[in-house]
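There are 2 protein chains.
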Amino acid sequence: MRATTIHGPRDIRVSEVPDPTIQAPTDAIVKVVAGCVCGSDLWPYRGENPITPGDTIGHECVGIVEEVGAAVTSFKPGDFVVVPFDHCDNTCPHCRFGAQNGCVNLGFTVSGQAEYARVTQADGSLVATDGVPDASLLPSVLTISDVMPTGWHAAVSAGVRRGGTAVVVGDGAVGLCGVLAARVLGAETIVAMSRHEPRQQIARAFGATHVVAERGDAGVEAIKEITGGVGADAVLECVGTDEAMRSAFQMARPGSTVGFVGVPHGVELPVRRMFQGNIGLAGGMAPTRKYMPELLAMVLDGSIEPGLVFDLTLPLDEVAEGYRAMDERRAVKVLIEP
Amino acid sequence: MRATTIHGPRDIRVSEVPDPTIQAPTDAIVKVVAGCVCGSDLWPYRGENPITPGDTIGHECVGIVEEVGAAVTSFKPGDFVVVPFDHCDNTCPHCRFGAQNGCVNLGFTVSGQAEYARVTQADGSLVATDGVPDASLLPSVLTISDVMPTGWHAAVSAGVRRGGTAVVVGDGAVGLCGVLAARVLGAETIVAMSRHEPRQQIARAFGATHVVAERGDAGVEAIKEITGGVGADAVLECVGTDEAMRSAFQMARPGSTVGFVGVPHGVELPVRRMFQGNIGLAGGMAPTRKYMPELLAMVLDGSIEPGLVFDLTLPLDEVAEGYRAMDERRAVKVLIEP
Chain A
1 MRATTIHGPR DIRVSEVPDP TIQAPTDAIV KVVAGCVCGS DLWPYRGENP
51 ITPGDTIGHE CVGIVEEVGA AVTSFKPGDF VVVPFDHCDN TCPHCRFGAQ
101 NGCVNLGFTV SGQAEYARVT QADGSLVATD GVPDASLLPS VLTISDVMPT
151 GWHAAVSAGV RRGGTAVVVG DGAVGLCGVL AARVLGAETI VAMSRHEPRQ
201 QIARAFGATH VVAERGDAGV EAIKEITGGV GADAVLECVG TDEAMRSAFQ
251 MARPGSTVGF VGVPHGVELP VRRMFQGNIG LAGGMAPTRK YMPELLAMVL
301 DGSIEPGLVF DLTLPLDEVA EGYRAMDERR AVKVLIEP
Chain B
1 MRATTIHGPR DIRVSEVPDP TIQAPTDAIV KVVAGCVCGS DLWPYRGENP
51 ITPGDTIGHE CVGIVEEVGA AVTSFKPGDF VVVPFDHCDN TCPHCRFGAQ
101 NGCVNLGFTV SGQAEYARVT QADGSLVATD GVPDASLLPS VLTISDVMPT
151 GWHAAVSAGV RRGGTAVVVG DGAVGLCGVL AARVLGAETI VAMSRHEPRQ
201 QIARAFGATH VVAERGDAGV EAIKEITGGV GADAVLECVG TDEAMRSAFQ
251 MARPGSTVGF VGVPHGVELP VRRMFQGNIG LAGGMAPTRK YMPELLAMVL
301 DGSIEPGLVF DLTLPLDEVA EGYRAMDERR AVKVLIEP
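Respectively, the protein sequence lines represent chains A and B.
Each residue of the first sequence is one higher than the one before, starting from 1 at the first, in UniProt numbering.
Each residue of the second sequence is one higher than the one before, starting from 1 at the first, in UniProt numbering.
In case anyone wonders, no lab produced these hints; they're calculated from the structure.
For clarity, every value in this text was computed on a predicted model and none was experimentally measured.
You may find that some hints are simply not true.
Unchecked claim - In silico SDA-like cross-links for lysine to any residue, where the CA-CA straight-line distance does not exceed 20 Å: (1) Lys224/A / Pro93/B; (2) Lys224/A / Phe97/B; (3) Lys224/B / Ala297/B; (4) Lys31/A / Phe80/A; (5) Lys224/A / Arg96/B; (6) Lys224/B / Arg96/A; (7) Lys224/B / Pro93/A; (8) Lys224/B / Gly216/A.
Claimed, not checked - What follows is a list of derived Cβ distance ranges for each label pair: (9) Gly98/B / Ser15/A: 31 to 39 Å; (10) Glu197/A / Arg96/B: 22 to 30 Å; (11) Ala213/B / Ala70/A: 47 to 55 Å; (12) Glu221/B / Ala70/A: 32 to 40 Å; (13) Asp19/A / Arg272/B: 56 to 64 Å; (14) Arg195/A / Gly98/B: 32 to 40 Å; (15) Pro50/A / Glu294/B: 26 to 34 Å; (16) Glu243/A / Gly8/B: 36 to 44 Å.
Every residue gets a Cβ at the ideal spot worked out from N, C-alpha and C, and that includes glycine.
Isolated chain A (complex conformation) (with noise of 0.2 Å):
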């Protein structure tokens, strides 16, 4: 098949790779109707993380099943199916405790912007759709792969209350669908750290009250003032690196909590400032199969739209051009078609 591979920093390709097949009873191979590129994948698209050269990357993805081994029972070829970045049995303790990111049989996409997509513990992982949804709501569908439960994650995780105020830091697509998770769960003060005109606008349509532009002190400084010197109720740190990480826990009122789902790079956490002001934080890596019903259903009843981070759609053979046009924020999202 057509898959994407990633050889070195900014070197990505398209190659042919052998199609996945089914190695265990419980897997899945779904053909990829969409996939996109998450902003974790910039990591090792910038050399910040190891790679194998030639490996195939991309784990967000949406599609229809083509084939499931002998133990799949709740899903068959032909079923069209949302499937989390990470996969999991959902019927382990950590799955039964809400922790399926902590699944004993953990496993995840590897190759989300190709043609095929293996899919392990497909009966726990995988949230189907009744038929084939209709084109426009496809985007908003694969965002339940993992950016809008990712973003509704840090909100929960945060502790999100109706009539509350919430910050949100990093304006990327994970942000936005942070946004737009606060607004679901009742927040009145949504503020928005941004300081691009078009994300801005996404975060606005998404529910944001307020746009913060500055950065740093300043940013804490423009928070301070919004919430009458408090501080923020919630603080949902969606970026991943020590300034955005330092700023959230200045930006986050005494008691309260900072959710956070930007994989960590470089954070030393501010102990005795979480000390002091009772500031907690909670979140990492989304139990995306827990929050896929409820998101789905939101968005199949159009009363979210998280597809609106996509701002550019290419075919699987430009999909370099997608991680460029990201890595230099010229979109925020890509949905990529093989």
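Please arrange chain B on chain A, whose structure you already have, making use of the hints.
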């Protein structure tokens, strides 16, 4: 008045110092009936925290109101009161949010091991009993000044749930109160990490179902075994060292929370493990006043007896021996009678 003062590492004296006086109309002066030595007093005692030689030390006490400032309306001379170590107005936005530790008028008791103590924000801070408590209740009432609310805060922050498993790291008086809190909050399996026989006995009296003497990897292994490989539903970190914190995160199951109340010294939080496992951190300096009414009521109706943590009572003149006894782990917690 006679007060405990610190002059250098392991140099604790009883000195004649000026009586505390009303400095703001919201102040009260309390004649100390009982004070005590806190585990956190041992940090400066051991030279781990900077001090100003000659400063008074001690932040836990109960006593009788001696004098009140002009603005104090809820208390009058003669009232028996519990003094939280952290004073708050209990009306500011942070207090109303349940983060009394972050009160805009935050203050601290600085002469709890002395004849008199000044309480700032008396109306917000103090909680009175109906008359002087019976002598047999006094030690337990004294714990409401700090150690019991701190252990309680660890348990609440860790999200201890009815029927769940709670592990308490640290067998100081705070850790022991954490065991008691976990029992009151309904944990079914309560593991006290303790290698000291007298502390193990108190832990069992407080509700520990298991005692684990091992530390480090062996301690983590023991918790894995007790929890069938899953890890603990809630971990209370009541020490404040890097080793204790690391162990706590290794014992905690994915999706759970470490509740921390030990003042962090040299702690580097394991952010990658927190991210991958979705193990949160919550807690910090206790919002003592928030919990005081509830905990005091439990003490007065006999449903809890946290005063069992006191295994040595000394007159103020012998306070230095109290520090020595706690430093050498000959005593769990020392009650001081002025």
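Comparing the hints with the structure gives:
{"no.": "1", "hint": "Lys224/A / Pro93/B", "in the structure": "13 Å, holds"}
{"no.": "2", "hint": "Lys224/A / Phe97/B", "in the structure": "16 Å, holds"}
{"no.": "3", "hint": "Lys224/B / Ala297/B", "in the structure": "36 Å, violated"}
{"no.": "4", "hint": "Lys31/A / Phe80/A", "in the structure": "9 Å, holds"}
{"no.": "5", "hint": "Lys224/A / Arg96/B", "in the structure": "18 Å, holds"}
{"no.": "6", "hint": "Lys224/B / Arg96/A", "in the structure": "18 Å, holds"}
{"no.": "7", "hint": "Lys224/B / Pro93/A", "in the structure": "13 Å, holds"}
{"no.": "8", "hint": "Lys224/B / Gly216/A", "in the structure": "42 Å, violated"}
{"no.": "9", "hint": "Gly98/B / Ser15/A: 31 to 39 Å", "in the structure": "55 Å, violated"}
{"no.": "10", "hint": "Glu197/A / Arg96/B: 22 to 30 Å", "in the structure": "38 Å, violated"}
{"no.": "11", "hint": "Ala213/B / Ala70/A: 47 to 55 Å", "in the structure": "48 Å, holds"}
{"no.": "12", "hint": "Glu221/B / Ala70/A: 32 to 40 Å", "in the structure": "37 Å, holds"}
{"no.": "13", "hint": "Asp19/A / Arg272/B: 56 to 64 Å", "in the structure": "34 Å, violated"}
{"no.": "14", "hint": "Arg195/A / Gly98/B: 32 to 40 Å", "in the structure": "34 Å, holds"}
{"no.": "15", "hint": "Pro50/A / Glu294/B: 26 to 34 Å", "in the structure": "51 Å, violated"}
{"no.": "16", "hint": "Glu243/A / Gly8/B: 36 to 44 Å", "in the structure": "40 Å, holds"}
Consistency note: the structure conflicts with the earlier hints numbered 3, 8, 9, 10, 13 and 15.
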